[in-house]
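Put together the whole structure using the sequences plus the hints.
Protein sequences appear in the order of chains V and H. Numbering-wise (this note's numbering), the first sequence opens with residue 29 and increments by one. Numbering-wise (this note's numbering), the second sequence opens with residue 338 and increments by one.
Any given hint could turn out to be false.
[Claimed, not checked] Pairs of lysine to aspartate or glutamate residues, derived as EDC-like cross-links and limited to a Cα-Cα distance of at most 16 Å, are as follows:
{"#": "1", "chain 1": "V", "residue 1": "K219", "chain 2": "V", "residue 2": "D202"}
{"#": "2", "chain 1": "H", "residue 1": "K443", "chain 2": "H", "residue 2": "D569"}
{"#": "3", "chain 1": "V", "residue 1": "K357", "chain 2": "V", "residue 2": "D374"}
{"#": "4", "chain 1": "H", "residue 1": "K443", "chain 2": "V", "residue 2": "D202"}
{"#": "5", "chain 1": "V", "residue 1": "K219", "chain 2": "V", "residue 2": "E145"}
{"#": "6", "chain 1": "V", "residue 1": "K357", "chain 2": "H", "residue 2": "E472"}
{"#": "7", "chain 1": "H", "residue 1": "K443", "chain 2": "H", "residue 2": "D397"}
{"#": "8", "chain 1": "H", "residue 1": "K443", "chain 2": "V", "residue 2": "D207"}
{"#": "9", "chain 1": "V", "residue 1": "K219", "chain 2": "H", "residue 2": "E472"}
{"#": "10", "chain 1": "H", "residue 1": "K443", "chain 2": "H", "residue 2": "D457"}
{"#": "11", "chain 1": "V", "residue 1": "K357", "chain 2": "H", "residue 2": "D674"}
In short, the hints are calculated from the structure, not lab data.
Take a look at the letters that make up each chain.
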Amino acid sequence: MTSVPAQDKGKDRAIGAVRRIWRSISVPLVAVLLGLLIGGILLFVSGANPFEAYGALIKGAFGTPVAVQRTLEKATPLVFSGLAVAFAFKAGLFNIGAQGQLLIGAIVAAYVGFAIEGLPAIIHAPLALLIGGLAGALYGYIPGVLKVYTGAHEVIVTIMLNYVAINITDYLADGPWKDLSPGNVVARTPKIQPSAEIPILGNIPLGFIFAVLAAIIVWWLLYRTTLGYEIRTVGLNASAAQYAGIRVARMVILTMMISGFLAGFGGAVETLGIVGRYQPGFNAGLGFDGITVALLGKTSPFGVIPAALLMGAMRAGASQMQFSAGVAKEITDVITAFILFFVAADVIVKWLIRQRDSDDERIMLSSGWGGN
Amino acid sequence: MKRIMLLLTGLLLLAMLVAACGGTAAEPPAQEAAPTEEVAEEVVEPTEEVMEEASGDCSDEAVLCIGLVTDVGEVDDKSFNQSAWEGAQQAAEALGAAEVNFIETKDAKDYGANIALFADQGYDIIVTVGFAMGEATIEAAGTYPDINFIGVDQFQGEALPNVTGLVFHEDQSGYLAGVLAASLSQSGTVASVLGTNLVPPVVAFNEGYKNGALSVNPDITIIDTYHPGGLDVAFTDPEWGATTAAQAISNGADVVFGAGGKTGNGALIESAGHDGVWCIGVDSDQWETVPEAHACLVSSAMKLITPGVIDLATMSANGEFPGGNFFGASGLAPFHDHEDAVSQDIKDLLDATKAGLLDGSITTGYNPG
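Below is the structure:
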């Protein structure tokens, strides 16, 4: 016991790291497997061949370069909305409003994209993205301020603001910003200028690269800056943070704005990179699924990426699964719901894999609900 | 103790699932407890071989394959999408097609991708159902010039050789429904519960309905309500349809015209629960598809999608695909059990109106564009 060789020390450290990583990913991983298992049983009971169905799902999501591209495209907005929810979570805030912030970001980016002409692409696309993000931030500012100055709970406010956002965007897309090109009767904005489009590099959408960068920036912000430290402190214990001299009110507003920025930016990427205009119904559920993605990723910025990829893959592969195996399109929603169920009810999973709780990695759902 | 409780909870959950799936001789749900690793293998392995047999040989020119893509509606909606799917199936049978398959679109952004799934497999005829898919269909027609596309409810502004819009005079069958509704109404108030006004055929039905009702009784009150949501929900919201119908009935309406997929079906079924209220279905003869509404369902304002799809598919198979627009048949469905409730006077009026609409002496007052 006197002197441990340096080699062994390094080995111990490596084993420790692996163990820590396993601890943090084991629950989501097993939850995913359980979700797929129950989905498989459901498929079997409904008369389909689960192997064939999952095979088709994988083929539709990863089978060809185009399929991979579609998976990445579907995952991109989910990374952003997942980051938005996860970021707010770190300050103990439960942002249910990512959907609304994303819609606002999407339509404002569309406006900047179609209304401004003659800008070079190198300026136009980033400008539209930035303004879309800022619009989302502004929309996140509202629940932040209401929470700080009136005590209105952000969960309630953001849920209601989602409906406000839906109606604002419906109005704009069918009113002042409606596409008036001949033959068009549906509610939607005009197509954005080519200079505002976000390109696809080979089969990798540039938007997805932005999403990965965003995850890195969010991680850096949270864990490598004073601001991030203060935000996390507020999340752990707002009273203690106040006592320690952190301006909690400011942190809450700022957190909601950054969260809104991420969601709005995601909406802008979707508009400029995929849809090419704003059209009601085309962004349905992208923000809400951010909640699923954030929980599945254990609210870690880097956990969000694989979680979003999984959801994206299931969405990209769903049509192929219908086509080849004759499976109802809703089955992917059912699988997602079960995965989420097992993540939330992690006690079942932990019992299955005999893992003991350690307090530091628990997701404190209650801090969002019972916070002050 | 705790573990046993958990296990029981898990089993209960599974039992509920199995029960919910229609109870078709379910397999024993016993293998639940430990199988984490197995699943991983199950999921990853079986891609290749399976896919090959599913693809058939549609790419062979002699082999006929028919595909169908819905917009966000569903092929069991008992009206619009279902009639198109039945048309595709019957055409496939009559023409001896090797494959007939459908995809229900889940995400409106995937219209093009879903069409491409069929096109890339070498399908010969692709039916795209719904006004909302018009643009994606035209785009796909450019990409795949050898495939014939049947666009249900998609009016073609410019004729392409390989796209035919299957369109209907909805305003005319709506007009007949309106004449019938106003003739049956005792209260002087009739209602319509509709999918979204973003979709022109829905508006055509309603405008025809209103003008038909007014032609019988110029003082009639018409409560017409469009679903306020977007294309993604407007046709799949039976609860909204039911509450809207109930509201109209409490405001005195005694005839309800339900037009809009499952949303309209909700209105029909709700109306069936009110005494002295008639209801009129839409698209297909809904006597066959919504038996819950038999109590009130006097007729349906039909647009005969099924025979239209069959006709166009047959023309395509014979190399006579018309391109441009093809008008399918429309009109009122039979009265079925309510034959006696509709007086001979009303029947005569309907016949006269129908003849007038055909020879142009009666116009529906609906003027799109």
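Now the hints, each set against the structure:
no.	hint	in the structure
1	V:K219 / V:D202	14 Å, holds
2	H:K443 / H:D569	9 Å, holds
3	V:K357 / V:D374	27 Å, violated
4	H:K443 / V:D202	23 Å, violated
5	V:K219 / V:E145	12 Å, holds
6	V:K357 / H:E472	23 Å, violated
7	H:K443 / H:D397	30 Å, violated
8	H:K443 / V:D207	24 Å, violated
9	V:K219 / H:E472	13 Å, holds
10	H:K443 / H:D457	20 Å, violated
11	V:K357 / H:D674	37 Å, violated
Checked against the numbered hints above, the structure breaks hints 3, 4, 6, 7, 8, 10 and 11 and satisfies the rest.
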